[in-house]
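From first to last, the protein sequence lines are chains A and B. Residue numbers 1 to 167, in the working numbering, belong to the letters of the first sequence in order. Residue numbers 1 to 100, in the working numbering, belong to the letters of the second sequence in order.
No lab work stands behind these hints: they were computed from the structure. Keep in mind that this is a model prediction, so the values were computed, not measured. Wrong hints could be hidden among the right ones.
[Unchecked claim] Here are some chain B residues pointing at chain A (derived, C-beta under 10 Å):
(1) V16
(2) I56
(3) A71
(4) G100
[What the hints assert, rightly or not] Simulated restraints, written as ranges between beta carbons of each label pair:
(5) M82/B x D126/A: 30 to 38 Å
(6) M95/B x P130/A: 41 to 49 Å
(7) D93/B x P50/A: 24 to 32 Å
(8) D93/B x V7/A: 18 to 26 Å
Just so you know, even glycine gets a beta-carbon here, dropped at the ideal spot from N, CA and C.
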Amino acid sequence: MELVIFVITAIVAIIGAVAMLISRNAVHSALFLLLNFGAIAVLYLLLQAPFLFAVQLIVYAGAIIVLFLFVVMLLGAERDEEDANPIRWQAPVAITMAVLLIGEIIWVLVRQSQDSLARVGSSDSDFGSPAQIAQALFTTHLLPFEVASFVLLTALIGVVVLHQRQS
Amino acid sequence: MLPTIFYIGLSVLLFVIGVCGVLLRRSTLMVFMSIELMLNSANLALVTFANQRQSIDAQIMVFFVITIAAAEVAVGLALLVMIFMRKKTTNIDTMTTLKG
């Protein structure tokens, strides 16, 4: 059962990513990216991370994609692209490098898979619950949490300053 | 749970698709979306290892990655809007001001 859900979700995720890559229209690309984010959210549920499932849907599928769509439509840049790539050899070299990268990663994974990819410990049904996340977030990782709030504030101020100087 | 290698394999595939997007597309918006895809695939790998080792720390790290990604998208898209207003295009080849 788990395998069936995984295979379907993985196929949806890959289709979303590839369609995003080859789609000519930026709005379509953003919507395919949304499909991919949704599929990854389902995988989070399979991996015992219900809190991250919710965060993924709210922040990525909600906020970030809406921001992308907003900017694409605001700029009217749906089809603003590529008559011909001025660097002719770029595409074949890029694809060759990508294939090399994937081969390299698979080679490392296969070599490592005996020791470091084996399962450690037994599965705890409470693992990944919001309560457990909150416990870790507000005790061990309290300082990074506070720093993250500063980063968000800085981003907010940065965007306001960027757009104020223009007018 | 399924073998860890399934999830890692999917994560690797998505990451390489993101790399292809950065290398092949000429629109800054598309490059940006590909970077988001790569961040997501790295998140998937982190959550997989969190489950494999039954350790909550990697899930906390994914939470922070999502936070930083949100901030990064806000600033990045604001910069993109400003560049578009100046150059009237999102083509990445026109941004050559820093070229020596």
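Consistency of the hints with the structure:
With its C-beta approaching chain A no nearer than about 5 Å, V16/B sits inside the 10 Å limit, and its interface hint holds. Annotation: interface hint on I56/B holds; nearest CB of chain A at approximately 5 Å, less than 10 Å. With a least beta-carbon distance of about 4 Å to chain A, the hint placing A71/B at the interface is held under the 10 Å criterion. Checking G100/B against chain A by beta carbon gives a least distance of about 18 Å; that is not within 10 Å, so the hint is violated.
In this structure the hint that M82/B and D126/A lie 30 to 38 Å apart at CB is violated, the actual value being about 47 Å. Checking the proposed 41 to 49 Å range against M95/B and P130/A shows it holds: the Cβ atoms sit about 43 Å from each other. Checked against the given bound of 24 to 32 Å, the beta carbons of D93/B and P50/A, roughly 44 Å apart, lie outside it. Range check, D93/B to V7/A: Cβ separation about 40 Å, and the 18 to 26 Å hint is violated.
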